[in-house]
Each structure stands twice: as structure tokens, then as C-alpha cells.
Amino acid sequence: MKREFAAAALLLAIFALSFVNVRHIETKTGVLTGEITAAAGLIAENDREGAIKHVKNALAGWLEWNRYSHIMLRHSEIDTITDAYYALLQALEGKDEVPPAAFGSLLEKLRGLAEKERAGLGAIL
Amino acid sequence: MGIIFFRTLIIYAALFLAMRLMGKRQLGELELSELLITVLISDIAAHPLQDIGIPLMNGLLPIIILLCCELLISGLIMKSSRAKVIICGKPCLLIVDGVIDQKEMRKNRVTLDELAEQLRGKSVLDLSLIKYAVLETDGKLNIVLFPAERPATAGQLGIKTGAGGYPVILVNDGRIMRDNLRLLGKDGEWLRQELAARKVKSVQDVYLMSMNAEGKIYFAPAEGKR
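One line per chain: the protein sequences are A and B, in this order. In terms of my numbering, the first sequence has 65 at position 65, counting the first letter as 1, and numbering is strictly consecutive. Basically my numbering = 1-based index in the second sequence + 1000.
Treat the hints as calculated values from the structure; they're not laboratory data. All residues carry an ideal CB built from backbone N, CA and C; glycine is no exception. Hints may contain errors.
Said to hold, decoys possible - Not close to chain B: a few residues of chain A, all C-beta gaps over 12 Å, as computed:
1. Thr-33
2. Ala-44
3. Glu-45
4. Asn-46
5. Arg-48
6. Ile-52
7. Lys-53
8. Glu-64
9. Ala-84
10. Glu-93
11. Glu-97
12. Pro-99
13. Gly-104
14. Ser-105
What the hints assert, rightly or not - No farther apart than 30 Å at their CA atoms in a straight line, the calculated lysine-lysine pairs in the DSBU-like style are these:
15. A:Lys-109 with A:Lys-53
16. B:Lys-1090 with B:Lys-1107
17. B:Lys-1084 with A:Lys-2
18. B:Lys-1103 with B:Lys-1131
19. B:Lys-1090 with A:Lys-2
20. B:Lys-1079 with A:Lys-2
21. B:Lys-1216 with B:Lys-1199
22. A:Lys-28 with A:Lys-109
23. B:Lys-1160 with B:Lys-1216
With the rest of the complex left out, here is chain A:
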């Protein structure tokens, strides 16, 4: 009977951890999208240096999260987001005007991470 209890407990633990995982991804991506949104706001005010600082902070935060993200997320998604960070940074460091879509693309990808992990009926089926 001990084995059955252990199995049931493990199933419940995995079920609970799946919610913790989504919550953690939401929190982490929330912080990162906050930085990107702030950067987009600064660009609108023509503060390019401030925007670059926020994007670099967000990129550092994203790269620090490397171990967890590589264990829990598809590596192709991680690579896409990392590429989007560098593309945005490159655009900001250039002389051309940065379109809002450059921020929007990265924001969408970050928000999509938690969305894809959420166990909704559509995602399951």
C-alpha cells in the first residue's frame, strides 16, 4: 500500500508543480516584459540610452534564467527569444529609428511562454 500512496502523492505533486511552473514563468516573464515595456516608453521619449539599459537588463535576466528555461522549455523557443533580444538591441544601438513592432515582437514571444505552458483545454487537446 506504501507504493500506491507514494505514486498518488507523486502524481499530486507533479500536478501541483505544474501550476507552480506556470506561476514561476509568469512572474519571470512579467519582470522581463516590464523592462521591455519601459524601454519602449523611453524610446517614445527619445531616450535611446535608457532604453538600451533596460533591454540589456532584461537580456541579462533572461540569460540568468538559462538553467531553468533549458530544463522546462523547448530549446527552439529559447533560441527564438534570445535572437529577438539581440535583434532589438542591435536596432537600438543603430542609428535608424526603432519601430514599436520591434518591441512588440519580443513582448509577444515572452508572454507566449507562460501562455503555452498553461494547461487550458485547447493546449491539452
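Based on the hints, put chain B in the right spot on chain A.
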């Protein structure tokens, strides 16, 4: 993680139901839940191995979930006979008193050819000799012949037989199995004498030597060494 959790449970339940409806003919010495675990795990485990872009967790998590399901189901089967009938089904009599139960045959998707094949495998060619043919829950067919058709046993014939006993390996390809020697109450000196009696100088020259509880020794010299 949550998606993997629910998907694994849904696929497990769907396969379970499908295999259950297919009948016991589809099984082969494994109970239904064991077969499903075998089929699913072998496939799930292969994906993260083939594609390093998929996190290992995506392969490990379903395996853990399936293992838990199997433990819960096998525990339930042990505790409740009703649950065992629902999950594994119950043995079916395909032949009773030499007569084929056609309804049971159809229910279990067993064709006459398959029945005949199974019976040939048991050296039974005449259906009328069979008292019962039972399709077990793991898909195996067991038969019971009419008493008059069963082979006579040594006891019925009044023949005295030895106790037999399990043969224990004493020398395995030139290596002495010391634990087995001790088990039979023998020692290295006894083994040396037995080998000398067979004109064998070294244990290296023995491929297999075993002894049963009655003391009967089987001896096979190593080829090309003597």
C-alpha cells in the same frame, strides 16, 4: 508541465480503453496496463533522445506519470477483484466440453484459424478432446483435456521416481561458483576429486558442471581445451 501531465493521462486512458475494447487477443502474456506502459514508455523515451532540442523533462515526466498510473492500477487490482475484472477483464471459456462458444469467440475477436493455431501449439489437433479452453486475461490460451485424454502420470502408472531437484551450477565456463558449492554442502577439495575422477586437471577445462539435490552431476568439458 501541466499540458504534459494531462496529455499523458488522456493518452493512457484512451489507449487503455482502445486495447480493452480490442479484446484479449491483442495482448501477449502481458496484462493490459503493463502492455500499455511498455508501448508508451518505449515511444516517449525515444523523442528526447532523438531531438536534443526537446528538454529531457518532456520525456521523463510522462514516464514518471505512467509509472505512477501503473502502480495505482496494479495496487487497485490487488485490492479489489471487481476492479481487476473491470480493468483486466476475466478469463473466458472458448471451448466447453468439446464445444466452441462462438459468442465468446466473437466477443474476444478470436478467429477459428487463430484458435486452431494456438491448439496446434499445444499439440492438440482434435477439438473434441478438450474439456475446457480458457482465454486468460493476458491473452494466453490454456487448455484442459478430458480426464480420459490426459497423459498418464508416473503416480497413476505406479512408477517410482526420484525427487529430482533443481540443478545447481558448480562450474560455469571455467569459474567455480563457490556460493553454490556451499549451498550443496561441498567444498573445493570435493570438487577437485570429482574433476580428477573425470581426468580433468584444471577447472579451466570445464565448460559446465552442475549437480542436483540427489547428487546427480552433469559434466561438460570445455571444447578445444582438453
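Beyond 12 Å from each Cβ of chain B, as asserted for Arg-48 (chain A) | holds (35 Å)
Is Ser-105 (chain A) truly not at the interface, in the sense that its beta carbon sits beyond 12 Å from all beta carbons of chain B?
-> Fine: 21 Å to the nearest Cβ keeps Ser-105 (chain A) off the interface.
For Ala-44 (chain A), which was marked as not at the interface, is the minimum beta-carbon distance to chain B over 12 Å?
-> holds (37 Å)
Holds or violated: Lys-1090 (chain B) with Lys-1107 (chain B), Cα cutoff 30 Å?
-> The given pair, whose Cα atoms are some 12 Å apart, holds under the 30 Å limit.
Taking the minimum C-beta separation from Ile-52 (chain A) to chain B, is that value above 12 Å?
-> Non-interface label on Ile-52 (chain A) holds, nearest chain B Cβ at 31 Å vs cutoff 12 Å.
Taking only the CA atoms, is the gap from Lys-1079 (chain B) to Lys-2 (chain A) under or equal to 30 Å?
-> holds (13 Å)
Non-interface claim for Thr-33 (chain A), where every Cβ of chain B lies beyond 12 Å = holds (21 Å)
Distance restraint between Lys-1084 (chain B) and Lys-2 (chain A), which requires alpha-carbon spacing of 30 Å or less = holds (20 Å)
Consistency of the no-contact label for Glu-45 (chain A), given chain B and a CB cut of 12 Å | Its Cβ never comes within 12 Å of chain B, the nearest being 40 Å, so this holds.
Do the alpha carbons of Lys-1103 (chain B) and Lys-1131 (chain B) lie within 30 Å of each other, as the hint requires?
-> Since the Cα atoms of Lys-1103 (chain B) and Lys-1131 (chain B) sit roughly 18 Å apart, the hinted pair holds (cutoff 30 Å).
Distance restraint between Lys-1160 (chain B) and Lys-1216 (chain B), which requires alpha-carbon spacing of 30 Å or less = Distance of about 17 Å is within 30 Å: holds.
Was Asn-46 (chain A) rightly flagged as not at the interface, with every chain B Cβ beyond 12 Å?
-> holds (40 Å)
Every hint, counting from the list given before, is met by this structure.
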